[in-house]
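For the sequence shown, the positions run 215 to 509 when the numbering used here is used.
Careful: at least some of the hints might be erroneous.
To be verified - In silico lysine-lysine, DSS-like type, Cα no more than 27 Å apart, as pairs:
{"id": "1", "residue 1": "Lys248", "residue 2": "Lys504"}
{"id": "2", "residue 1": "Lys502", "residue 2": "Lys395"}
{"id": "3", "residue 1": "Lys386", "residue 2": "Lys432"}
Said to hold, decoys possible - Computed Cβ-Cβ distance ranges for the label pairs, DEER-style:
{"id": "4", "residue 1": "Ile491", "residue 2": "Thr375", "range": "40 to 50 Å"}
{"id": "5", "residue 1": "His265", "residue 2": "Thr375", "range": "40 to 50 Å"}
{"id": "6", "residue 1": "Ala371", "residue 2": "Trp474", "range": "22 to 32 Å"}
{"id": "7", "residue 1": "Ile434", "residue 2": "Ser338", "range": "26 to 36 Å"}
{"id": "8", "residue 1": "Gly317", "residue 2": "Gly340", "range": "16 to 26 Å"}
Hints were generated in silico from the structure; no laboratory data involved.
All C-beta atoms, glycine included, are put in the ideal place defined by N, C-alpha and C.
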Amino acid sequence: MANYAKAASATGVAAYPDKKGAVAVPDEITDIVKPPDVMSATIEAAAAKSHYPALQLLVKSFLCTGFLGYATAFAFLAVSQGMPGFTAGILFPVGYVMISILGLEMATGSFSVMGMGVVGQRISVGQLLSNWGLTLLGNLIGGIAFAALLTFVITQAGHTTGGGPLGAQLVKVAEHKVAYKELGGIGLLVAFASGMLCNWMVSLGPIIALASRSVIGKVILLWLPFSVFFALGFEHAIVNMFLLPMGIMLGGHYNVADWWLWNQIPVTLGNITAALIFNSTLLFIANKPKPKGAY
């Protein structure tokens, strides 16, 4: 089988030696990538990410959160103008589509991709942790920077308060995200679980996008998990790196300690847990690539 695979790769034609009379199909007109091959591509993506220079990774991560900030503001602008809440889920994925096409780095996606790289024994735990740390740092700086710029504009450099309908909607959502405090200790578990439900979907994004060879195919595949999580209101650590500091800047009734204790920390841990369990491990087991040369 390895020889046939090599021939197919060299000629650009898929070969099916076990199917007599099968018509060979050129790879370039076959858009879909089979799940085991998607897993292999994900593992190779992890290996590539592990070799990014620190500065490049920080810049990619910094730029990422700006696009998420644009998408979040865009989605909640529609809600502030009277559109149904699920509309936000339809609109939000525009941000991640741009992130993916431009090759930027979002930590919640790296949680699953780098995790699968470790499960597939392609990268080390040290490489995983280094990537996660730098990506989270870049995402955080980018989120705060975009929040400051947007606050400056919608408050007219502080000459108005609240930021109009958009600002009011963003503050409302941000305050809701730290309301776990009212539940006490159990609130931390709720935030953690919401983070898990979010990143079961979100961390699937960079993996499922590899199932298509075309740009339009990737756009459609990316839209699915991101639309679902955002419409359902689950907790995304990187979106919150923009939304929660922006809520503080706009006068929300919470502080930096509330942001980190009652949202950012438990949500990030939930995001990591879901990515590692559901996508890095179980999805890999479900579609484990065959060893080279195996039938």
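Cross-check of the supplied hints:
1. A hinted pair counts as satisfied when its Cα atoms are at most 27 Å apart, and Lys248 with Lys504 qualifies at roughly 12 Å.
2. Between the alpha carbons of Lys502 and Lys395 the distance comes to roughly 41 Å, so the proposed pair goes past 27 Å and is violated.
3. Using a Cα cut-off of 27 Å, the hinted pair Lys386 and Lys432 is violated, with the two alpha carbons roughly 33 Å apart.
4. Ile491 and Thr375 have their C-beta atoms about 44 Å apart, which keeps the hinted 40 to 50 Å range intact.
5. For the hinted restraint 40 to 50 Å between His265 and Thr375, the CB-CB distance of approximately 47 Å keeps it satisfied.
6. At roughly 28 Å, the beta carbons of Ala371 and Trp474 sit within the given window of 22 to 32 Å.
7. Take Ile434 and Ser338: their Cβ atoms lie about 34 Å apart, and the range 26 to 36 Å holds.
8. Between Gly317 and Gly340 the beta carbons are some 23 Å apart, a value that agrees with the proposed interval 16 to 26 Å.
In summary, the numbered hints that this structure violates are 2, 3.
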